[in-house]
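Student: Sequences are here, hints too, so could you generate the full structure?
The listed protein sequences correspond, in order, to chains A and B. For the record, in the first sequence the residue sitting at position 18 is 39 according to the working numbering, with numbers rising by one throughout. For the record, in the second sequence the residue sitting at position 224 is 245 according to the working numbering, with numbers rising by one throughout.
These are calculated hints, taken from the structure and not from any lab test. The beta-carbon is built from N, C-alpha and C at its ideal position, and this holds for glycine as well. There could be a bad hint or two in this list.
[Said to hold, decoys possible] Some chain B residues close to chain A (C-beta under 7 angstroms, calculated; not the full set):
id, residue
1, Lys-126
2, Glu-127
3, Leu-129
4, Ser-130
5, Tyr-131
6, Gly-132
7, Ser-134
8, Met-193
9, Glu-194
10, Ala-197
11, Tyr-201
12, Lys-204
13, Lys-205
2 protein chains.
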Amino acid sequence: MKQRRERLSTYLKEKQIDVALINSPENFFYLTGFQTDPHERLLALLVFPEADPVAVLPGMEKGQLLDSGWTGEVIGYADHEDPWLMMKGKMDERGSGVQTVSIEKEVLSYGRSESFFGLFDEVGVEDIAPYMNEMRVIKDESEISIMREAAELADYGVKVGVEALREGVTEMEVIATIEYELKKKGVTQMSFSTMALFGEKSGQPHGNPGDRKLKPGDLVLFDLGVVWKGYTSDITRTFAYQSVTDEQRTIYNKVLEALGASLAISKPGTRIGALDQTARDIITEAGYGDLFPHRIGHGLGINVHEFPSMSHLNDGILQKGMTYTIEPGIYDPSVGGVRIEDDVLITEDGYETLTKTSKELRIIE
Amino acid sequence: MKQRRERLSTYLKEKQIDVALINSPENFFYLTGFQTDPHERLLALLVFPEADPVAVLPGMEKGQLLDSGWTGEVIGYADHEDPWLMMKGKMDERGSGVQTVSIEKEVLSYGRSESFFGLFDEVGVEDIAPYMNEMRVIKDESEISIMREAAELADYGVKVGVEALREGVTEMEVIATIEYELKKKGVTQMSFSTMALFGEKSGQPHGNPGDRKLKPGDLVLFDLGVVWKGYTSDITRTFAYQSVTDEQRTIYNKVLEALGASLAISKPGTRIGALDQTARDIITEAGYGDLFPHRIGHGLGINVHEFPSMSHLNDGILQKGMTYTIEPGIYDPSVGGVRIEDDVLITEDGYETLTKTSKELRIIE
Numbered sequence: 022m023k024q025r026r027e028r029l030s031t032y033l034k035e036k037q038i039d040v041a042l043i044n045s046p047e048n049f050f051y052l053t054g055f056q057t058d059p060h061e062r063l064l065a066l067l068v069f070p071e072a073d074p075v076a077v078l079p080g081m082e083k084g085q086l087l088d089s090g091w092t093g094e095v096i097g098y099a100d101h102e103d104p105w106l107m108m109k110g111k112m113d114e115r116g117s118g119v120q121t122v123s124i125e126k127e128v129l130s131y132g133r134s135e136s137f138f139g140l141f142d143e144v145g146v147e148d149i150a151p152y153m154n155e156m157r158v159i160k161d162e163s164e165i166s167i168m169r170e171a172a173e174l175a176d177y178g179v180k181v182g183v184e185a186l187r188e189g190v191t192e193m194e195v196i197a198t199i200e201y202e203l204k205k206k207g208v209t210q211m212s213f214s215t216m217a218l219f220g221e222k223s224g225q226p227h228g229n230p231g232d233r234k235l236k237p238g239d240l241v242l243f244d245l246g247v248v249w250k251g252y253t254s255d256i257t258r259t260f261a262y263q264s265v266t267d268e269q270r271t272i273y274n275k276v277l278e279a280l281g282a283s284l285a286i287s288k289p290g291t292r293i294g295a296l297d298q299t300a301r302d303i304i305t306e307a308g309y310g311d312l313f314p315h316r317i318g319h320g321l322g323i324n325v326h327e328f329p330s331m332s333h334l335n336d337g338i339l340q341k342g343m344t345y346t347i348e349p350g351i352y353d354p355s356v357g358g359v360r361i362e363d364d365v366l367i368t369e370d371g372y373e374t375l376t377k378t379s380k381e382l383r384i385i386e
Numbered sequence: 022m023k024q025r026r027e028r029l030s031t032y033l034k035e036k037q038i039d040v041a042l043i044n045s046p047e048n049f050f051y052l053t054g055f056q057t058d059p060h061e062r063l064l065a066l067l068v069f070p071e072a073d074p075v076a077v078l079p080g081m082e083k084g085q086l087l088d089s090g091w092t093g094e095v096i097g098y099a100d101h102e103d104p105w106l107m108m109k110g111k112m113d114e115r116g117s118g119v120q121t122v123s124i125e126k127e128v129l130s131y132g133r134s135e136s137f138f139g140l141f142d143e144v145g146v147e148d149i150a151p152y153m154n155e156m157r158v159i160k161d162e163s164e165i166s167i168m169r170e171a172a173e174l175a176d177y178g179v180k181v182g183v184e185a186l187r188e189g190v191t192e193m194e195v196i197a198t199i200e201y202e203l204k205k206k207g208v209t210q211m212s213f214s215t216m217a218l219f220g221e222k223s224g225q226p227h228g229n230p231g232d233r234k235l236k237p238g239d240l241v242l243f244d245l246g247v248v249w250k251g252y253t254s255d256i257t258r259t260f261a262y263q264s265v266t267d268e269q270r271t272i273y274n275k276v277l278e279a280l281g282a283s284l285a286i287s288k289p290g291t292r293i294g295a296l297d298q299t300a301r302d303i304i305t306e307a308g309y310g311d312l313f314p315h316r317i318g319h320g321l322g323i324n325v326h327e328f329p330s331m332s333h334l335n336d337g338i339l340q341k342g343m344t345y346t347i348e349p350g351i352y353d354p355s356v357g358g359v360r361i362e363d364d365v366l367i368t369e370d371g372y373e374t375l376t377k378t379s380k381e382l383r384i385i386e
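Tutor: This is the structure we're talking about:
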């Protein structure tokens, strides 16, 4: 974490920014290692080009921050205190006037920006989010090791889901079983609402699970992930229940082929947009282009959707340590939908899928 | 919903505000009846003093908004379109220049405020949140009827939790069982992380459940709630497992007495702060004042924490239709903690507790 803060300080120095106010819980966690949900209260980290950073959080959480290993300065404010004034004091101690500040523009509320900017006479405002995204996009060994565990728990969730399938069970019952078993493994939060979609419901790319009962001949689509030690996973697998039609099999194999083709070019140096394009070309040439209405994937890390965006428009280049999903799909409400999704890590000379569940078409008896 | 929008328009007219930009999903839902999570995309409702409102949301959700009964104008934007420019067009159609706008200051991000204010030459900025809170603090019959259902599901969650208790079971296992059974009832979201705390863990007002195993003599504290049709519930009950000491019984009965005293004065006309003060006086006189470190409760509705704040400092007056929690507690790590919480509705001449689970001390065998 210290190294990350130093990197940010170096950037501020280069850009002649006097202070950065970090206040998303995600970036606070990334820079301090301390994860908390401050609800409506202020959580912030002040980072300076030269001086040491200051953590700002509700007083009742100060002990937990220190327990987590934070050795820097802390402003632990009580509900009746004004954390902005206390921050002003720390900034004054650090000397020389503030002329340019950097904030997370899409995170800091307008109301808080008024409080913050009000501390200074006149101040230039920069957005620090793009640089934070750039830092976070390359995962280090400690992050990768946690993401492996998160992906393993997602694999386990799919396994539990498959074992819960029986004729007449509802989508919600299967979801409840999956989350129940993951909770018993210590998972306290899913990365998003768990999906189990049966038959025609699987044919909607953003269907909502409900009371639909499982019938023979249904496709069954699972999409789920966990939050684990601050990092997320996200897996999709599709199965056939008791039988499969030729058309379902054709669609399945086409999606699998598209996924395989995107994986095959997943290595340092590849243009990111090529992954979507490659999969899309395969699906389009097979005549299913209109039934694949979303981008191929998204970056994965502390947030379940983060950088890089895996759109065909992304001209960025894959680098070692990037983690993202590849998740092509074909959705036909009359046949059902198929999506297959892996969590992918870019390695020295290729890739590794963090999710390990088999992708061959499986007919559940 | 139409009535609520008209009330807001009347307010804007009185205050000479030309347009309100509502962009919290909660207030959007309150004013339109349509509930959605836009993630990083913009969701907004433009409300005018005279003209009809305009809903702004991602194009792929437009159909769902219309299905929900919305008959007004809609801007459904695609990812490559600029919703701000489209909003500017609608505002221009509605004539006369915009001089004062109203936003939710603590919700709208600084980045979005730049986009919005950039549409105008020069503009005054007001905060609309206080008025929205004022509207939302009094619940109508349709809201109360949903909150009754939400509270009934919370009662059910406690019942499931009690039935899951057996020697050696962990806190997380009991939580998984509670959420599993609620999911089967159609609950897709809890209002907050479900708490089940055993023994010394119950003695921490914000303890985190984990692997602690249940032992005879433990106090068992459940704190949970559901989100149901857009509204929340929130219940706490504490039980003794197999046996109870005199000290545990004393604490329990003191908390129950404090809760009862606060309920007794819950009626239209009471100063809100008196509820906290009354409970606090009882607990303090018994010598446990230092072990009751939080306010007596919070408003409850679309948000699990909303207005009114049930602090002893609140000089507001209870009115018919207000809904809030009362949840006194005494936390002694060496004895365990007791908290008892009801969801309360202010009626014509008194109160009704929406949560119905018995509050008498119960020893689970």
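Student: Determine for every hint whether it applies to the structure shown.
Tutor: Results of checking the hints against the structure:
About 4 angstroms separates the beta-carbon of Lys-126(B) from the nearest beta-carbon of chain A, less than 7 angstroms, and the hint is met. With 7 angstroms as the threshold, the beta carbon of Glu-127(B) comes within range of chain A, its nearest partner Cβ sitting at about 4 angstroms, so the hint holds. The closest approach between the C-beta of Leu-129(B) and any C-beta of chain A is roughly 5 angstroms, which is under the 7 angstroms cut-off, so the hint is satisfied. At its closest, the beta carbon of Ser-130(B) sits 5 angstroms from a beta carbon of chain A; the interface hint therefore holds under the 7 angstroms criterion.
Because the beta carbon of Tyr-131(B) sits about 4 angstroms from the nearest beta carbon in chain A, less than 7 angstroms, this interface hint is met. Checking Gly-132(B) against chain A by beta carbon gives a least distance of about 4 angstroms; that is within 7 angstroms, so the hint holds. Look at Ser-134(B): its Cβ gets to within about 4 angstroms of chain A, closer than 7 angstroms, so that hint holds up. Contact between Met-193(B) and chain A, as hinted, is supported at the beta carbon level, the nearest pair being about 6 angstroms apart and thus within 7 angstroms.
Checking Glu-194(B) against chain A: minimum C-beta separation of about 6 angstroms stays under 7 angstroms; hint holds. The beta carbon of Ala-197(B) comes within 4 angstroms of a beta carbon in chain A, closer than 7 angstroms, and the hint placing it at the interface holds. Because the beta carbon of Tyr-201(B) sits about 4 angstroms from the nearest beta carbon in chain A, less than 7 angstroms, this interface hint is met. A least Cβ separation of about 4 angstroms between Lys-204(B) and chain A falls short of the 7 angstroms threshold, and the interface hint therefore holds.
Contact between Lys-205(B) and chain A, as hinted, is supported at the beta carbon level, the nearest pair being about 6 angstroms apart and thus within 7 angstroms.
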